[in-house]
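All chains, please: the whole structure from these sequences, using the hints.
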Amino acid sequence: MNDTAKKPASIRIVDSARKELMNVSAIDRDGNFLVVKGKIFGTMPMTAKLSPEEARNALKMLTPRLVWFLLTFLFRRSGEEVKTK
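Adding 1 to a residue's 1-based position in the sequence shown gives its number in my numbering.
Don't read these hints as lab results, they were simulated from the structure.
Please read all numbers here as calculations on a predicted model, not as lab measurements.
We put the beta carbon where it would ideally sit given N, CA and C, even for glycine.
Among these hints, one or two may not hold up.
[What the hints assert, rightly or not] Keeping only pairs whose Cα atoms sit at most 27 Å apart, straight-line, the calculated DSS-like set for lysine-lysine is: (1) 50 <-> 40; (2) 40 <-> 8; (3) 38 <-> 61; (4) 50 <-> 61; (5) 20 <-> 7; (6) 7 <-> 40; (7) 20 <-> 50.
[Said to hold, decoys possible] Derived DEER-like restraints, expressed as beta-carbon distance ranges: (8) 11 <-> 77: 17 to 23 Å; (9) 49 <-> 20: 28 to 34 Å; (10) 77 <-> 25: 15 to 21 Å; (11) 60 <-> 18: 19 to 25 Å; (12) 80 <-> 31: 31 to 37 Å.
Here it is as structure tokens:
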């Protein structure tokens with residue numbers, strides 16, 4: 002087997018102790034829904050759907066400071082532990 006073969010992309014969501022809560026294996030579309038597929042706690046399969054209405058509700062939770070953070074998020078180092086207010 003080739004050791005340089007790429008692993009499929011996945012997203013790990015962890016808690017404050019860096020223990021894995023969720024592993025997102027796919028983000029897809031089903032009509033007007035955003036579909037997130039993955040596993041919770043490493044074993045329980047999960048499929049979540051986000052409607053356009055709920056996405057708009059999520060936007061209402063954003064502050065200008067958080068929007069700025071999200072815009073610069075991909076350019077930050079992950080090893081830094083920054084305390085939030």
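Against the structure, the hints come out as follows:
Taking the CA atoms of residue 50 and residue 40, the gap is near 14 Å; set against the 27 Å cutoff, the hint holds. Note on residue 40 and residue 8: the hinted pairing holds, with a Cα-Cα distance of about 17 Å set against a maximum of 27 Å. Annotation: proposed proximity of residue 38 to residue 61 holds, straight-line Cα distance about 25 Å (limit 27 Å). At roughly 19 Å between alpha-carbon atoms, residue 50 and residue 61 fall within 27 Å of each other, so this suggested pair holds.
Proposed proximity of residue 20 and residue 7 is supported: the alpha carbons are some 24 Å apart, at most 27 Å. About 20 Å separates the Cα atoms of residue 7 and residue 40, which keeps this hinted pair within 27 Å; it holds. Between residue 20 and residue 50, the direct Cα distance comes to roughly 24 Å. Compliance with the 27 Å bound is thereby established for this hinted pair. As the Cβ distance of residue 11 to residue 77 is approximately 20 Å, the hint placing it in 17 to 23 Å holds.
Between residue 49 and residue 20 the Cβ separation comes to about 20 Å, which falls outside the hinted range of 28 to 34 Å. Between residue 77 and residue 25 the beta carbons are some 19 Å apart, a value that agrees with the proposed interval 15 to 21 Å. Look at residue 60 against residue 18: about 30 Å separates their beta carbons, and that is not inside 19 to 25 Å. As the Cβ distance of residue 80 to residue 31 is approximately 36 Å, the hint placing it in 31 to 37 Å holds.
Checked against the numbered hints given earlier, the structure breaks hints 9, 11 and satisfies all the rest.
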